[in-house]
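**Student:** Below, each chain spelled out in residue letters.
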Amino acid sequence: MFEAKVEKGVVLKKILDAVKDLVTEASWECTSNGMSLQAMDTSHVSLVTVSLNGDGFQRFRCDRNMVIGMNLVSLSKILKCASNDDKITIKAGYDDNDKMMLTFEAPNDCEVSEYEIKLMNLDSEYLGIPDTKYDVIVKMPSAKFQRICRDLSQIGDTVVISCTKSGIQFSSSGDLGNGSVRLSQSANIDKPEEAVTITMQEAITQTFALKYLIQFAKATPLCAQVTLQLSSDVPLAVQYKVIEVDADDIETDLGSICYYLAPKIDDATD
Amino acid sequence: MFEAKVEKGVVLKKILDAVKDLVTEASWECTSNGMSLQAMDTSHVSLVTVSLNGDGFQRFRCDRNMVIGMNLVSLSKILKCASNDDKITIKAGYDDNDKMMLTFEAPNDCEVSEYEIKLMNLDSEYLGIPDTKYDVIVKMPSAKFQRICRDLSQIGDTVVISCTKSGIQFSSSGDLGNGSVRLSQSANIDKPEEAVTITMQEAITQTFALKYLIQFAKATPLCAQVTLQLSSDVPLAVQYKVIEVDADDIETDLGSICYYLAPKIDDATD
Amino acid sequence: MFEAKVEKGVVLKKILDAVKDLVTEASWECTSNGMSLQAMDTSHVSLVTVSLNGDGFQRFRCDRNMVIGMNLVSLSKILKCASNDDKITIKAGYDDNDKMMLTFEAPNDCEVSEYEIKLMNLDSEYLGIPDTKYDVIVKMPSAKFQRICRDLSQIGDTVVISCTKSGIQFSSSGDLGNGSVRLSQSANIDKPEEAVTITMQEAITQTFALKYLIQFAKATPLCAQVTLQLSSDVPLAVQYKVIEVDADDIETDLGSICYYLAPKIDDATD
Numbered sequence: 001m002f003e004a005k006v007e008k009g010v011v012l013k014k015i016l017d018a019v020k021d022l023v024t025e026a027s028w029e030c031t032s033n034g035m036s037l038q039a040m041d042t043s044h045v046s047l048v049t050v051s052l053n054g055d056g057f058q059r060f061r062c063d064r065n066m067v068i069g070m071n072l073v074s075l076s077k078i079l080k081c082a083s084n085d086d087k088i089t090i091k092a093g094y095d096d097n098d099k100m101m102l103t104f105e106a107p108n109d110c111e112v113s114e115y116e117i118k119l120m121n122l123d124s125e126y127l128g129i130p131d132t133k134y135d136v137i138v139k140m141p142s143a144k145f146q147r148i149c150r151d152l153s154q155i156g157d158t159v160v161i162s163c164t165k166s167g168i169q170f171s172s173s174g175d176l177g178n179g180s181v182r183l184s185q186s187a188n189i190d191k192p193e194e195a196v197t198i199t200m201q202e203a204i205t206q207t208f209a210l211k212y213l214i215q216f217a218k219a220t221p222l223c224a225q226v227t228l229q230l231s232s233d234v235p236l237a238v239q240y241k242v243i244e245v246d247a248d249d250i251e252t253d254l255g256s257i258c259y260y261l262a263p264k265i266d267d268a269t270d
Numbered sequence: 001m002f003e004a005k006v007e008k009g010v011v012l013k014k015i016l017d018a019v020k021d022l023v024t025e026a027s028w029e030c031t032s033n034g035m036s037l038q039a040m041d042t043s044h045v046s047l048v049t050v051s052l053n054g055d056g057f058q059r060f061r062c063d064r065n066m067v068i069g070m071n072l073v074s075l076s077k078i079l080k081c082a083s084n085d086d087k088i089t090i091k092a093g094y095d096d097n098d099k100m101m102l103t104f105e106a107p108n109d110c111e112v113s114e115y116e117i118k119l120m121n122l123d124s125e126y127l128g129i130p131d132t133k134y135d136v137i138v139k140m141p142s143a144k145f146q147r148i149c150r151d152l153s154q155i156g157d158t159v160v161i162s163c164t165k166s167g168i169q170f171s172s173s174g175d176l177g178n179g180s181v182r183l184s185q186s187a188n189i190d191k192p193e194e195a196v197t198i199t200m201q202e203a204i205t206q207t208f209a210l211k212y213l214i215q216f217a218k219a220t221p222l223c224a225q226v227t228l229q230l231s232s233d234v235p236l237a238v239q240y241k242v243i244e245v246d247a248d249d250i251e252t253d254l255g256s257i258c259y260y261l262a263p264k265i266d267d268a269t270d
Numbered sequence: 001m002f003e004a005k006v007e008k009g010v011v012l013k014k015i016l017d018a019v020k021d022l023v024t025e026a027s028w029e030c031t032s033n034g035m036s037l038q039a040m041d042t043s044h045v046s047l048v049t050v051s052l053n054g055d056g057f058q059r060f061r062c063d064r065n066m067v068i069g070m071n072l073v074s075l076s077k078i079l080k081c082a083s084n085d086d087k088i089t090i091k092a093g094y095d096d097n098d099k100m101m102l103t104f105e106a107p108n109d110c111e112v113s114e115y116e117i118k119l120m121n122l123d124s125e126y127l128g129i130p131d132t133k134y135d136v137i138v139k140m141p142s143a144k145f146q147r148i149c150r151d152l153s154q155i156g157d158t159v160v161i162s163c164t165k166s167g168i169q170f171s172s173s174g175d176l177g178n179g180s181v182r183l184s185q186s187a188n189i190d191k192p193e194e195a196v197t198i199t200m201q202e203a204i205t206q207t208f209a210l211k212y213l214i215q216f217a218k219a220t221p222l223c224a225q226v227t228l229q230l231s232s233d234v235p236l237a238v239q240y241k242v243i244e245v246d247a248d249d250i251e252t253d254l255g256s257i258c259y260y261l262a263p264k265i266d267d268a269t270d
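Chains as they are written, first to last, in full-length UniProt numbering: chain A, 1 to 270; chain B, 1 to 270; chain C, 1 to 270.
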């Protein structure tokens, strides 16, 4: 049997909001260490991975390794029926092997909801993601990354990300003109979540399709900071920690969501 | 002449919001005791009644019994032109018998609006609603009833309501799986509006079309609690008190809105 | 070269919101005194003028008179990329004469955005607006003017504005009935922005198309009060001051926006 419980269900809603528009069907791999998901987006351009550590859950039990395939849009619909501060328990591999059960318990114990979602057998091949030593690692406020992607999508379809010692610059151009946003490295002791930190080996300039970055930025509510990792000839990695905040405002690191997107090949004749 | 005045117009806006999507045209019956409305919804499946007591109004006068037919969508449009804390006076049977006049007075007396709506002659037969002794009476937070109906409409088209001594359960099933919400009886001395109270003669299980219950739940802003009344072979009654809150936060019971919906016949072969 | 800087960019966003749905392309006339714009709306019925005083800007420089034509919808899109408290600098006539540059600086100096918008050569004839001595001048809360226009547009397509010593009345009629809103002259010492002030030579009654007034009212966020000026056989003038509020909440009068709309000819046979 597989069973996992979170103190505040809102974290699961945020995870689903972060993937369901990119990937409609996917399989969770469950082991005694945790649960994880890997899937290409429906257009087979970008890749998303979710990994949740068993230790981060309020309760976690997985007797045997299991693959749980499902429609993520359906799961998201069901999770929307939970209140943000409901405790949520997920159960699979019980008497009915074709279903996963979700139990929502209101904080006052007077309301209990039970939902069962039908499971699916999905063809899935687990891609090995090579452990990459990136040339550039940028940590920045996730809300700012989201806003920049949305703003520049007003101007063009692609964004050029340039990283030098002086900072990171996002730029775009299109019919109405062009635009660029430049962030300097900055620390803010009072508000560490607003810091921009750049660790780099050598300067890099790459071009990406904005529509995928905008999809990735739907993970913004999960974590105040996002990490962008870039290297030549390697996909960009956009990573968000999955932070659960419990009823006493104590944060637990439940794992992470990471999105991968290959840079566009610059075509000088274009 | 007929004249009725409320201290804070928002209560009339809420009443119209609670009926206008179900019933587009209807007749108000006005007597010296108050005004009332009874109508089938446009698909002739459910019934709604509104009864407002003359005593609850700040001023109420009805010299002779009167039937005032009108388009409720038009009335709702006009009421939206009133600010929430405007005093509203309704007048009919004055010099122009084909119109009803609405006067909105701002609290500071510097702004007065007058609207006239055209009246209609509508065929109407008043159904006698038999005084029923229901087997089960459930009082619960109206916002919770609304949320449960909306949540389960994600799962299926119908809801099974089951009431036992241990509580009330709402359940639904559909293509993506199934779901149920169970409320236990509970009192909350500090927040009586959050209590769930069940009075019952015998257990009951009935099935209803969710789309009507969702329509009924548009009365939620009128009152913090809703009363569900069920009996075998009798329509479900969903009742909301109409509470007016005046400028000094004093509540007046202006009457009630009640919706009726027949249970679906369980068809074992379906 | 032309260069103008505002302390808080939100004022420029509000100006564009006030004109971009009425006029899609227009030319700014820039002189050493300030910058101004005059344009007919796309249906050639109403006229809008914007005048901004150089003195009101934090920095203003215009070496030679210049006409800067552009698509206002594009400019509005770019301005939406600025945060409300970004400092905004506009530059034209620098090395690239076909573009205008906008620079947005975040208050913390760690984020700088630069946008360039393509300029256009537009045919424009500057209409001389005769200096009119109006019979009636009404100052009233701009939010109230906006709400009245929207409310009455539920009733009909036109509004009759009648001004007498006792106050100003807006009325409309249509299929569902008729409506009118009457404001009395009123002063409010504590809240001067809520005052209604009427200065008049003689009573006037004129009819206007509501859809233009609703467009004009998009300037509401610029200023708490609007000034309506009316005279027989002369277009209505609807004027909003352009108030900039800086980081220390100090207000600067940056200029004004004025809309002109001819009254409808009353047709007794209609």
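Calculated from the structure, these hints are not laboratory results. There may be inaccurate statements among the hints.
A pair holds if it fits inside one copy or across any two, identical chains being indistinguishable in the list.
Claimed, not checked - In silico EDC-like pairs for lysine to aspartate or glutamate, Cα to Cα no more than 20 Å straight-line:
#1 191 x 111
#2 144 x 109
#3 211 x 175
#4 77 x 233
#5 165 x 251
#6 118 x 55
#7 77 x 157
#8 218 x 111
#9 139 x 123
**Student:** If you check each hint against the structure, which ones fail?
**Tutor:** 4, 5, 6, 8, 9
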